[in-house]
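Protein chains in written order, with the working numbering: chain A, 71 to 405; chain B, 71 to 405; chain C, 71 to 405; chain D, 71 to 405; chain E, 71 to 405; chain F, 71 to 405.
Since the hints were derived computationally from the structure, they do not count as laboratory data. Be a bit skeptical, because a hint or two may be false.
Because identical chains cannot be distinguished in the list, a pair is counted as satisfied if it fits within a single copy or across any two copies.
What the hints assert, rightly or not - Straight-line alpha carbon distances no greater than 20 Å define the calculated EDC-like cross-link-like pairs of lysine to aspartate or glutamate that follow:
#1 LYS242 x ASP129
#2 LYS242 x GLU172
#3 LYS242 x ASP179
#4 LYS242 x ASP317
#5 LYS242 x ASP402
#6 LYS242 x ASP146
#7 LYS242 x ASP100
#8 LYS242 x ASP295
#9 LYS242 x GLU328
There are 6 protein chains.
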Amino acid sequence: MSNRILCFGELLLRLASPGRELLLQSPRLDVHIGGAEANVAIALAHFGHAVGMIGSVADNSLGRAAIAELRRQGVDARAVTVRPGRMGLYFLETGALQRPSEVLYDRADSAFARTPAAAYDWPVLLRGAQLLHLSGVTPALGQACADTAIAAARAARALGLQVVFDGNFRAKLWQAWQSDAASILRELLACADTLFADHRDISVVLGREFAGAEADRAAAAAAFDTFPHVRNIVSTRRLQHSVDRHDLAAQWFTRRGEIQLPAQRLDGIVDRIGGGDAFAAGVLHGLQHGWDDEQSLRFGLAAACLKHSLPGDFLALDEARVRSLMDEARFDVRR
Amino acid sequence: MSNRILCFGELLLRLASPGRELLLQSPRLDVHIGGAEANVAIALAHFGHAVGMIGSVADNSLGRAAIAELRRQGVDARAVTVRPGRMGLYFLETGALQRPSEVLYDRADSAFARTPAAAYDWPVLLRGAQLLHLSGVTPALGQACADTAIAAARAARALGLQVVFDGNFRAKLWQAWQSDAASILRELLACADTLFADHRDISVVLGREFAGAEADRAAAAAAFDTFPHVRNIVSTRRLQHSVDRHDLAAQWFTRRGEIQLPAQRLDGIVDRIGGGDAFAAGVLHGLQHGWDDEQSLRFGLAAACLKHSLPGDFLALDEARVRSLMDEARFDVRR
Amino acid sequence: MSNRILCFGELLLRLASPGRELLLQSPRLDVHIGGAEANVAIALAHFGHAVGMIGSVADNSLGRAAIAELRRQGVDARAVTVRPGRMGLYFLETGALQRPSEVLYDRADSAFARTPAAAYDWPVLLRGAQLLHLSGVTPALGQACADTAIAAARAARALGLQVVFDGNFRAKLWQAWQSDAASILRELLACADTLFADHRDISVVLGREFAGAEADRAAAAAAFDTFPHVRNIVSTRRLQHSVDRHDLAAQWFTRRGEIQLPAQRLDGIVDRIGGGDAFAAGVLHGLQHGWDDEQSLRFGLAAACLKHSLPGDFLALDEARVRSLMDEARFDVRR
Amino acid sequence: MSNRILCFGELLLRLASPGRELLLQSPRLDVHIGGAEANVAIALAHFGHAVGMIGSVADNSLGRAAIAELRRQGVDARAVTVRPGRMGLYFLETGALQRPSEVLYDRADSAFARTPAAAYDWPVLLRGAQLLHLSGVTPALGQACADTAIAAARAARALGLQVVFDGNFRAKLWQAWQSDAASILRELLACADTLFADHRDISVVLGREFAGAEADRAAAAAAFDTFPHVRNIVSTRRLQHSVDRHDLAAQWFTRRGEIQLPAQRLDGIVDRIGGGDAFAAGVLHGLQHGWDDEQSLRFGLAAACLKHSLPGDFLALDEARVRSLMDEARFDVRR
Amino acid sequence: MSNRILCFGELLLRLASPGRELLLQSPRLDVHIGGAEANVAIALAHFGHAVGMIGSVADNSLGRAAIAELRRQGVDARAVTVRPGRMGLYFLETGALQRPSEVLYDRADSAFARTPAAAYDWPVLLRGAQLLHLSGVTPALGQACADTAIAAARAARALGLQVVFDGNFRAKLWQAWQSDAASILRELLACADTLFADHRDISVVLGREFAGAEADRAAAAAAFDTFPHVRNIVSTRRLQHSVDRHDLAAQWFTRRGEIQLPAQRLDGIVDRIGGGDAFAAGVLHGLQHGWDDEQSLRFGLAAACLKHSLPGDFLALDEARVRSLMDEARFDVRR
Amino acid sequence: MSNRILCFGELLLRLASPGRELLLQSPRLDVHIGGAEANVAIALAHFGHAVGMIGSVADNSLGRAAIAELRRQGVDARAVTVRPGRMGLYFLETGALQRPSEVLYDRADSAFARTPAAAYDWPVLLRGAQLLHLSGVTPALGQACADTAIAAARAARALGLQVVFDGNFRAKLWQAWQSDAASILRELLACADTLFADHRDISVVLGREFAGAEADRAAAAAAFDTFPHVRNIVSTRRLQHSVDRHDLAAQWFTRRGEIQLPAQRLDGIVDRIGGGDAFAAGVLHGLQHGWDDEQSLRFGLAAACLKHSLPGDFLALDEARVRSLMDEARFDVRR
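For reference, chain A alone in the conformation it holds in the complex (with noise of 0.2 Å):
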């Protein structure tokens, strides 16, 4: 069977310190596989859907580790390719209380961030597929990344495919080379259907703040005024009341309406990597089924809330997992 749904983005190593520690406060450092893309790919295959993976690995152990990982967890990876490089890695110290985690990327230079624009053959990439999923992460790699994403998601609209593009902005990454971020996200939005953004991500990409408690209704007025082929704008609402503890609403702006899904609360989160993606793959699951709006934000946003209670960068819980959160919630021993 084709892959119908397709992620197009770089694996990363996450290199941990365990527990609560500081990095390298003792001599050990736990390993998750993820990335942005990688991590939808993975939550959808584990909601049954046929999904494939694009990218580019480097060509050594650690790359052959991630790609075995994708399959491990239900991706198909025969279009990651092994390319001379270095592996993209983060380090990842987990916080506590009021002490944030802290990322230390270390992906410069990498195998994928390398890979130039003609390696990749979209229109054999893209064949028989229904959907094409981007974020923002991929772009902000360097100028070769940045044409790639391009390329792709104009082939994916040529071919008829839908096309999800989630904001994920990095100013770091954009930061480090001589980039103009807001000319290519514009081209990236001007082929996208669905957008997983808010009014931070907006603004970047149209140069304009968006400020008070209306900034996320009117960001997506504005996005929608602007590229016409975009129908979904769906975001997350996190507020934060401690590193562990945070509320998690939920939004979906169409042309027509929104909907708004009041704050599930988060007490005692275990890893709060990758809850955007989760939440991505959710809403993507339903759209994929074609329920309704409200159910696909409802399955995302349990999905999110799930991927907090889970070690590492995506979720592999199945849809009945996720759908017994939605349906009741019920938090006793399973037996």
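Assemble the complex: chain A is given as a structure, and chains B, C, D, E and F must be docked to it using the hints.
What follows is chains B, C, D, E and F alone, placed relative to chain A:
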């Protein structure tokens, strides 16, 4: 000294994923020894009682390790025999936030479940004891176990021992064979003096539902009507805000009245397994010492709360540490 | 560069059960290096100060490991000598919920405790320094240590150093020998400029109780009356809802007035040991930089809060990470 | 691409005590996925072949984890179905010096063992393949498995696939049911082209003993006489000086002659489990590539040796790493 | 059933660096319970004997954990009392190649060492027993322990028990106090029937050197001359090629003759601690069963060899596993 | 006190799979700090010398952890600066039997490699020192590092320091840029007094091969001819029977003669990395103390052997532990 308290039931190996990981997310399992009745036995041994366990385990290194753990915890395990067959296992995936813990039983066809009723010589086994504790898990394991449990309860009553029965209704176990749970349980309750049960346990036995705010009270009344020997019906009431945040209250019904204890907040639960067993042990500790019911109930609730702070299936704290929580709640480091 | 800040006290090895397990529940101990005064020294070194530690350790691989850890954390350990005897240990069982943490001291007869007062040449040791920090743990260890602490404090005052004394009253240590805690402590406080102490510490010294809402204020006033050199009396106030959930406030009394900071909520404490030491270090950091009292107190409280998020006895964060909590409380992942 | 090599057999979870500890000496188990035929499949996948696994696992998180591990290692697991029942387990205690390793099987009544022969549609499953690998473990699991194995072997021969059979005689498994091992195995060998077996395996099948220095040669001759399709009889010869020190040689009998390879010294064995499976995979790798027998045998022996250096049940090294041992034995760090 | 074998001595906690690391190279210690006499008791319990331990431990969670471990291993620990004081510890750094293992004792002033001789009521403690085992470690701990050991040995002899004494000479312990090791040990040997000792132990007692190839034989002869009750003098002989590679032989002298067993090669030693204790237990096992001396010695040597394959201080294998090494050395995996 | 010995080079983080696992076989990495020159510095510090390290690390928590480890091991790290860029890493997979260990370098573009030669003020850095140690790894990292190394060596010679150069030829590093290894190395050797090199290192420099049994002798002669300042050419000779079993010998060539030490057997190697660095440190220790060459060489060989018994990159044993191996090889537990 002869053992004054005897517990009859199966010993299990718990194989748990580390921390809050999914099962086999990383390639390691943490092992604990448990089992509802063994948990009661161990807690009572730590409270200072002479306690003996009755049962059987697999005739291999796993079974012998289970016996050894009982001994380590101060329980007399000489009446736990080794027999052909396999060891009962359960796999545990500890939840967090809105993700419930999952227990995967792998206990079918265990050496204990296959032990015929005739293998137990109850008059000999019960000699010199004052109290026999059983739970609803055992008769749910199959006809042989159901027969054995009834034989044990009847022998104990005939010999003048107190009979304590903890409901522990597990629908999945009963469903695995052509069982008539209600009629088996009725025979057991007919022998019991003290019952750890709430309205759900009682409704299974009596075949009628109890609903609403008065459900536990009404169920207790019905049980007192049906089972003439029952003097105490005791249970916790648990309100679950999330997987790791509960309110735990307790109640005690007698033919003369009832005691209701206000809820304790459990915020940041370490391990919820065995909470009910620690509660039962705490209440029995008070009963054995002739404390008044409220003192016994308060000790039981304190024991139950403390179990939630400890990894593993049982409470391994002495009386003094439980009492210090009853007497004054001091939470600072004790140096 | 000569060390401007000197800390005098014992280095200890903490041997802790993993996670929230009981001691020796599983056959492993996690090791941290600590000690009240060393914790202050290490935190100050991370804040950027030139700090030296004075003391002694056992002449074996444990003692040398303690010195090595000091060096690793940036403290000058050249004035920590190795001497015959054993290393001071403490075993820690970290609590949860309503189960308090337990410290089991095994520090009697340590190389440090047996070091005679004559082994320290204070004029040489203090040369070039600005501030000497001691705590009430040291004189509690025996007559030799009490004599040494008094000699150190007097020499420091004579040489014009600031003398900082942290109460740290540990009744069990004082009771282990025929000691007159009050008279020894009075000699130390007579030399002190800055006192980390609340009404309980002061009542031990002055032999009178302070009760009620005004207890700390009244105790401070009495201390100012009795000890003419004391200029600052600083302490945290801790309200403990459970073992892992505290509210932590702070106060600063001077002869001219007082500052009261509102409480910070600590919900999901990782490690409470050393919270007071981090607080002292934070306050001293401000004092050394000539910040006004409120700024210093706020920095101290932020340092104390952050310590609760870190495993181990000391705070190993630089000034910027503490300031970022003071300036704006942002809890999301920092990338 | 269709899978050219298919392996049929049970997936097992290995639960092993850490290091050289006794089972449950400390409360932890390390988990590996294995199974004789899966080990062959995985090694062949690492050598670059398109390999598919056929079988069934328990319909729970353990079974799904086993499938996921197959995928991670590059094996096509789409023909491994999930079925009601339990997962086959084995507990391993790794020996040392003169203390042999102990395997404690807990695989009775597994989902695989209970899968009826009718559940497999062999013409569909074998479509497009070139080679089917089975082993003597599968028919030993019970009548259903024996029937299935025979059906598979016959279908494969009928469809023109090569049939490879690895003896793997396990007396305990055969004894657990009323089985006629010899007659079942004869039906399997009647279909086989290549046999991994020594004189002990063959004596079980033929019901006669082969002794002395010529035992393997005589047994091979007898097998060639009895089973007209068999072309290759290949095995290792293992001399064990202690648990961690073996000499491993290899031999290959054909109807035309034989090859004997001298022994390799294995001194400081890390994990001996799966050595024979790695050997079989190595030999099959050569056969598939059309290498001459001696090259194939040398590759097989190198693969077997390398397996002993790796924790876990299977060899996860690519062809180049095995060849480098064949070509020149260089043991220094490769940088 | 009364205990037929009694062992008297100190229980220790071993705190060891993991693997082959230096002490505190990484911040973790692995804990084992040991002590020369307890090791003998535990091995004998695993061989099936009713064994009781006599001694005392610290009245804290460490001491109680030591008692619990004894119970877990099947030893009757009711005569091990809890007393004020600290727990005896030793730190272990396991060597490799040419780097010897290092033991750092931290056992001075332990609860056991401080227990006065009057605390033991030997006629009561020895009632019903057949054999008392002591070792030279105990009298080395101080005058109280020396007095107690002599009292125990004399009482045992007076009551008709066999007295077994294991030399275990530790110069550092004797040197730590003003002791006359020779005269104390002479009083103990005067009571002994069976002696585990070689020429070095005997030379300490008799105050003369034995050198050359005949040293053990000559020393045994001298001991038989001096101590009229001694019937057996048994020891291992160890040739050490490196830290992890030894040859271990054994010898048995009686007044009538001697037995010499050839050396076993131990190549890849896992843990050498407690090898002599396992040897003693093995020999005593044979003696208790009335085996002839050579059988007993062979069993003892096999037990000693197997101990080297196990982490921890004692041998926890049953008789059958030791016998299987005596009967035929089979090293392959046992399934 | 000024540092008498200075080492210049890069600090690396080693990220290693646990035990003998393949990289990322399980999701954990063990971290050690290393680097050829740092290993020498640390070993010399443990031997009692005042040693300073010169270099630079990344301005992040990884770089600071590397500096902290140097301090912990007793090296003066004040001349190691923090600079923008990434930290040099290497991943290690430790081999066994016939499977070689694999090093995967991920050190390109590190903060150290990017530090320009102008960033080092050699006259200031070398002030007061007696000896500068460099190795062939540093100039292989790129033109800036090569320039710096040459500048350092020239300045040292000009200032009258001894210059020690360790060949450490790494072909892969040199090949990564357009380098002329021979001409760069010649400039370094032109400054050196003592050379750690064998015929392979020298052949790279001189551009001619040395073969046969006399290769090292002939190469040394050629080097003495070419480089007038070189007085000592020292190296180990390693015969590798398997990955964990080597014979290690050592030789020392001077213009007057040579010393050959017979091989030590290393059977059961724990960690081979850094063996050559420990050797160099041992030889330099003797040279610094003015021992004769043979004593120095014997100390160096003992240090090298002992390194193989220790996990991690460097030898952290004091002089006494190395000497005890030189003086008499005693392998039993030291208590």
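Status of each hint after checking the structure:
no.: 1; hint: LYS242 x ASP129; result: between (27 Å within a copy, 16 Å between copies)
no.: 2; hint: LYS242 x GLU172; result: within (13 Å within a copy, 34 Å between copies)
no.: 3; hint: LYS242 x ASP179; result: both (15 Å within a copy, 19 Å between copies)
no.: 4; hint: LYS242 x ASP317; result: neither (26 Å within a copy, 35 Å between copies)
no.: 5; hint: LYS242 x ASP402; result: between (42 Å within a copy, 15 Å between copies)
no.: 6; hint: LYS242 x ASP146; result: neither (31 Å within a copy, 34 Å between copies)
no.: 7; hint: LYS242 x ASP100; result: neither (24 Å within a copy, 29 Å between copies)
no.: 8; hint: LYS242 x ASP295; result: neither (29 Å within a copy, 55 Å between copies)
no.: 9; hint: LYS242 x GLU328; result: neither (32 Å within a copy, 43 Å between copies)
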